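**Student:** Keeping their order, the protein sequence lines are chains A, B and C. Using full-length UniProt numbering, you'd call the opening residue of the first sequence number 1 and step up by one each time. Using full-length UniProt numbering, you'd call the opening residue of the second sequence number 1 and step up by one each time. Using full-length UniProt numbering, you'd call the opening residue of the third sequence number 1 and step up by one each time.
No lab work stands behind these hints, which were simulated from the structure alone. All values reported here derive from a predicted model rather than from experimental measurement. Heads up, some of the hints might be wrong.
Remember, identical chains collapse to one label, so a pair may be satisfied in a single copy or spanning two.
What the hints assert, rightly or not - Think about it this way: if two alpha-carbon atoms lie no more than 20 angstroms apart in a straight line, the pair counts; the simulated DMTMM-like pairs of lysine to aspartate or glutamate are:
no., residue 1, residue 2
1, Lys206, Asp422
2, Lys115, Asp371
3, Lys40, Asp375
4, Lys40, Asp276
5, Lys40, Glu382
6, Lys40, Asp51
7, Lys204, Glu327
8, Lys206, Asp276
9, Lys320, Glu433
10, Lys331, Asp272
11, Lys329, Glu382
12, Lys204, Asp276
13, Lys45, Asp371
14, Lys40, Asp371
15, Lys44, Asp371
16, Lys329, Asp49
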Amino acid sequence: MTDSSTNMRLKLPITCFIMEIILIILFGVLVQYDHETDAKAWHKKNHSDYDNDFYYRYPSFQDVHVMIFVGFGFLMTFLQRYGFGSVGFNFLIAAMSLQWATLMQGFFHGMHEGKIHIGVESMINADFCTGSVLISFGAVLGKTSPVQLLVMAMFEVTLFAVNEFILLSLLGAKDAGGSMTIHTFGAYFGLMVTRVLYRPNLNKSKHRNGSVYHSDLFAMIGTLYLWMFWPSFNSAITAHGDDQHRTAMNTYYSLAACTLSTYAMSSLTAHDGKLDMVHIQNAALAGGVAVGTAGEMMLTPFGSMIVGFLAGIISVLGFKYLSPLLEEKLKIQDTCGIHNLHGMPGVLGAVVGAVTASVATTGVYGNGMIDVFPDVASGDIEASYQGVRQAISLAVTLGFALVGGLIVGFILKLPIFGTPPDTLCFEDSIYWEVPGDEQSHENQLTAVRTEESEKLNS
Amino acid sequence: MTDSSTNMRLKLPITCFIMEIILIILFGVLVQYDHETDAKAWHKKNHSDYDNDFYYRYPSFQDVHVMIFVGFGFLMTFLQRYGFGSVGFNFLIAAMSLQWATLMQGFFHGMHEGKIHIGVESMINADFCTGSVLISFGAVLGKTSPVQLLVMAMFEVTLFAVNEFILLSLLGAKDAGGSMTIHTFGAYFGLMVTRVLYRPNLNKSKHRNGSVYHSDLFAMIGTLYLWMFWPSFNSAITAHGDDQHRTAMNTYYSLAACTLSTYAMSSLTAHDGKLDMVHIQNAALAGGVAVGTAGEMMLTPFGSMIVGFLAGIISVLGFKYLSPLLEEKLKIQDTCGIHNLHGMPGVLGAVVGAVTASVATTGVYGNGMIDVFPDVASGDIEASYQGVRQAISLAVTLGFALVGGLIVGFILKLPIFGTPPDTLCFEDSIYWEVPGDEQSHENQLTAVRTEESEKLNS
Amino acid sequence: MTDSSTNMRLKLPITCFIMEIILIILFGVLVQYDHETDAKAWHKKNHSDYDNDFYYRYPSFQDVHVMIFVGFGFLMTFLQRYGFGSVGFNFLIAAMSLQWATLMQGFFHGMHEGKIHIGVESMINADFCTGSVLISFGAVLGKTSPVQLLVMAMFEVTLFAVNEFILLSLLGAKDAGGSMTIHTFGAYFGLMVTRVLYRPNLNKSKHRNGSVYHSDLFAMIGTLYLWMFWPSFNSAITAHGDDQHRTAMNTYYSLAACTLSTYAMSSLTAHDGKLDMVHIQNAALAGGVAVGTAGEMMLTPFGSMIVGFLAGIISVLGFKYLSPLLEEKLKIQDTCGIHNLHGMPGVLGAVVGAVTASVATTGVYGNGMIDVFPDVASGDIEASYQGVRQAISLAVTLGFALVGGLIVGFILKLPIFGTPPDTLCFEDSIYWEVPGDEQSHENQLTAVRTEESEKLNS
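When you get a sec, could you build the whole thing from the sequences and use the hints?
**Tutor:** Here is the structure:
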């Protein structure tokens, strides 16, 4: 089952070692504790211990961390013969990405006198950036080697940081939960990469491109952790106090409404009314994506529920009708359906954010305006112009994602990364030592067959 | 495998859409941010950020949230062919219930000038109420359609809110961890519903009403998350400071003691001393239920351990001897054995709470009395009378649960909800698209058989 | 499959009941709420609610709690026929150990006027001590009865508490994340126990001493929870403020670097470059172990990454080359390879801690020195002498572990604990009621065989 081209014996160790050694050197040269993690700096001032940002953000960080490693990792284990690759490559590229993201994001907006200062907020941001890479991973799942994935991650993290810098620092957009920076970017980048890597003969692996009973249960572990902790995700880096509180609550109600519309649509679009696990595992999460931008605003639970409700409907319809079209007409082979979970809901979230921003008034936000829209609060701009900023940010993100994905897709096509052949996509045994199990049953069956044949022949 | 009566194509979407649209409209009319989630209200006063209740309760909320969706959801996946239904219907009815609970509980004790004010504490309470519905779900698991479950949830949430209001607001009882409001209510309500829905021919589905090796491991995920986070559950809405701290610790030791008595009793009651996964998965949790009322009181770790120890013993004995009797004599078919995990331990918890309350003294509680028993602290009542209040609350809860369950059971019997036939209980494929797996092995076996037969015949 | 010697019908209940009753009595006599969990004591002083240690440490406690029950429990489910034993015995001995540890640790460093005072910090310490027992459990997994495990746990907890007391209180060593007290101690204790319990004929159970496809996915749940929450583990009991913050961050980067070197080495050491799940599940965690001592120091992310990077390499090499040697030459049968995950990385962590301590300067730590090295800050000792203390502590720990393991191993050899025979190691059905599944397939195969034979004979 292995030939020399997909043998990772040298390619993977060399890639990992070179990347990690570069990371370590750059951390040695550039990275420092910030004033809340540095023993000397923290003790210079007279703080209360609970002023340390650790106590405001670390619980949210841990929830986000679970989403990245267990949430994304297990969500993708639905494939019957790619569980190791789903959770294992997710683990590998996430561990690489969060280190690289610390550097790239720090370079763009964490420099202090030539050094990158880090603490819990930068850790959350690094995990966020990693999330974007894992979204793209969902599009190419099962069709790429670990070396391809590491190379993709390296480029995508870099582009993510540039795009994020333009949106948040240059354009002054707000996007705490990342409808644009994380979801829209990750989705369209990934879709473009998988378009460039189009495999006309992927149907040779079609029999493995689906779930079995237990693999769908493993995937539900991923789904539920993403669903439960999404309120922490969207609120992790919003301002302290009412902002974190409000964002978490808006997300909670958006997801609840989304779940009901997902079940309704899944049943409605099946010819015999049966629920489809693909929809439940994915579309029920779209409500979290769609309030990623507006969640910190005064969207109200009422508004959040409407957004979540729509996101669930759009997402199921996408899985049912749009994904087959994308594959047939546009040659986009999207393994996990990221367009339906992150792409369209991300764009919806950006639009909702732009509209919500443009109608912000001091009557509603009071003195809290400064935390949500500082430039509106200071009188520098009108709220309607903040809406324009948000809309421009969506366009910029789409541009970056599509052009970036195009370029990176062609880089990944270079025949040096050990990509699997069409006949062995969605198959763990190409990159992993796989123990018995399914095979063992086959062997037993073969044994029975052989025995009986021998009896017949004798 | 599908006939028209169980086809959910119209029933489920219509139910979900109507419910969600009503919820959204009611949220639009009635619900507002409270003063800790509203930008304007929060910034009116001069707070420190950490005064926001978010930082006191959000970590506990997230633990409770995990218990509701992963804990209850996976605990029920022990059934070999009902994993999708267990975790999937749990997801659906929980998402509906928490929205409806926000309104019902808000209506009874969160109204401010005609509006329901919400924040992290109401989110926890909504999750609590949802937990009660999921307990009842355990009794009817595998024998009900998703539409039946949604209807049951709607009524149960409403009755829960009324009962809770009577207990906490009218009677002045204390029940932070919900031994009465959540566990006793949910259990006896569910038992009455399943009694009304009695199926004399359920043995036609008996071969599916059990576990397989891997499904028991999935169920252990649910068990452990419930076990680990129960200290957060019981302490989530107790008073800040020593109260939350003490409640979490009491629960921790109660559960530890309960686990040892569960293992002991499981081994002791098996004729060959082998441990039974049903006991481990369920009875080891009874210690959390049984300190739901008294956990916030000065029960001491010593007292908590005694309570947990007894709860484990009672629960295993219930599974072993009482459940078969209930089914045979009283025609109560209790799929998950909720009477043993929530029913009896809930009653035990109520009694322990009443006794502990009645012996409270200022010598023990000091100025902390005001947080635990405000009416005793203010001198309005004697501690012994607080005990009486607690005892009356148990009786009221049992009455509400049994009468409510009776009525709702008859409603669910209406032949319009697509309930499964006796032959297809505990079977996912009636409501779900189910991928291959077990079948595939059967197919392989059939193939071998056919092949061999052909050889014989030729 | 059961004979009288392994029948647990009396042995297990008696052991559990006696242990739990003794625990309850000792708690009744010795244990009291501390001033943060006691209603009267807390309300005597005029605190802010958020001064209660609960808010500083409870989120970390819950993360540690998940590591102990889900992390360790599922990490060991990789064995194909020992999932119940892995997660179930883990549950049992952890529940016992945390109660016993509360008493033992309290006896050595929590006594106040003859009483043991407990709160969230003692709960974390009890979970830590339990972790050490679970490490040792990994070495003897599948080869011991639950009674043997309970007896081992009782002795190991006691020795752990003595060793911890000597290190932290007498020698003045620092070891917040327990590279020495938890990992080195647990590993070498367990290795010595398994050495004494050496089974020359263990190969009779060899066919069960490995994983199947799904059991490796269950194990990844354990791995990922350990990996994600390790930052909470190492920082759970460090000083408030910058110390907790810094420790969590150092651990985060150490683990990320470790993951990349693990993947690299796993691929490099396989003859066809395929990744080995055993390495991914275990070696990727070594980075957390290796910064257990130095994580709270000013190790810098750069230093942490170097340590993690080395730990991953050492750990994979250990699995690949050292474990087979240990089994062959030294007769150490280490089921889970704890020497590679906890043993060597623990020693590495102790050495890194000693070196980092010995180079501490006021220039780097400022006034924060008092939190990390109080005796250096007070001028009582030089930093270099703190390094010597750390090194002596490692030697003491190794001595305690090896001698303790030797004695306890011989105790466990007494032929009264119902240890499994060589032919039934790594097999759940000896101590558990096991439902169908694998057997059912075998039965089906047998049925086919029989049917065909009958046809042939007729």
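**Student:** All the hints need checking, so say for each whether the structure fits it.
**Tutor:** Consistency of the hints with the structure:
1. Proximity of Lys206 to Asp422 under the C-alpha cut-off of 20 angstroms is restricted to the intra-copy arrangement: shortest distance 10 angstroms within a copy versus 37 angstroms between copies.
2. In this homomeric assembly, Lys115 and Asp371 never come within 20 angstroms of each other (Cα to Cα): the closest approach is 27 angstroms inside a single copy and 26 angstroms across copies.
3. Proximity of Lys40 and Asp375 under a CA criterion of 20 angstroms is satisfied inter-copy only: 17 angstroms between copies versus 34 angstroms inside one chain copy.
4. When the C-alpha separation of Lys40 and Asp276 is checked against a cutoff of 20 angstroms, the pair qualifies neither within a copy, at 56 angstroms, nor between copies, at 43 angstroms.
5. Within a single copy, Lys40 and Glu382 get their C-alpha atoms only as close as 43 angstroms, which misses the 20 angstroms cut-off; across copies the closest is 19 angstroms, which meets it.
6. With identical chains, the CA atoms of Lys40 and Asp51 are at most 20 angstroms apart within one copy only, with a shortest distance of 16 angstroms there and 23 angstroms across copies.
7. Only within a single protomer do Lys204 and Glu327 lie at most 20 angstroms apart by alpha-carbon distance; the minimum there is 15 angstroms, versus 44 angstroms between protomers.
8. Taking CA atoms no more than 20 angstroms apart as the test, Lys206 paired with Asp276 passes inside one copy only; the shortest distance there is 19 angstroms, against 26 angstroms between copies.
9. Proximity of Lys320 and Glu433 under a CA criterion of 20 angstroms is satisfied inter-copy only: 14 angstroms between copies versus 35 angstroms inside one chain copy.
10. Proximity of Lys331 to Asp272 under the C-alpha cut-off of 20 angstroms is found in neither arrangement, the shortest distances being 29 angstroms within a copy and 33 angstroms between copies.
11. When the C-alpha separation of Lys329 and Glu382 is checked against a cutoff of 20 angstroms, the pair qualifies neither within a copy, at 43 angstroms, nor between copies, at 73 angstroms.
12. In this homomeric assembly, Lys204 and Asp276 never come within 20 angstroms of each other (Cα to Cα): the closest approach is 24 angstroms inside a single copy and 27 angstroms across copies.
13. Proximity of Lys45 to Asp371 under the C-alpha cut-off of 20 angstroms is restricted to the inter-copy arrangement: shortest distance 15 angstroms between copies versus 25 angstroms within a copy.
14. Taking the shortest alpha-carbon separations for Lys40 and Asp371, only the inter-copy value of 11 angstroms comes in at or below 20 angstroms, while the best intra-copy value is 30 angstroms.
15. Taking the closest pair of Cα atoms, Lys44 and Asp371 come within 20 angstroms of each other only across two copies (14 angstroms); inside a single copy the shortest separation is 27 angstroms, beyond that limit.
16. For the identical chains of this complex, Lys329 and Asp49 are neighbours neither inside a copy (59 angstroms) nor across copies (53 angstroms), given an alpha-carbon limit of 20 angstroms.
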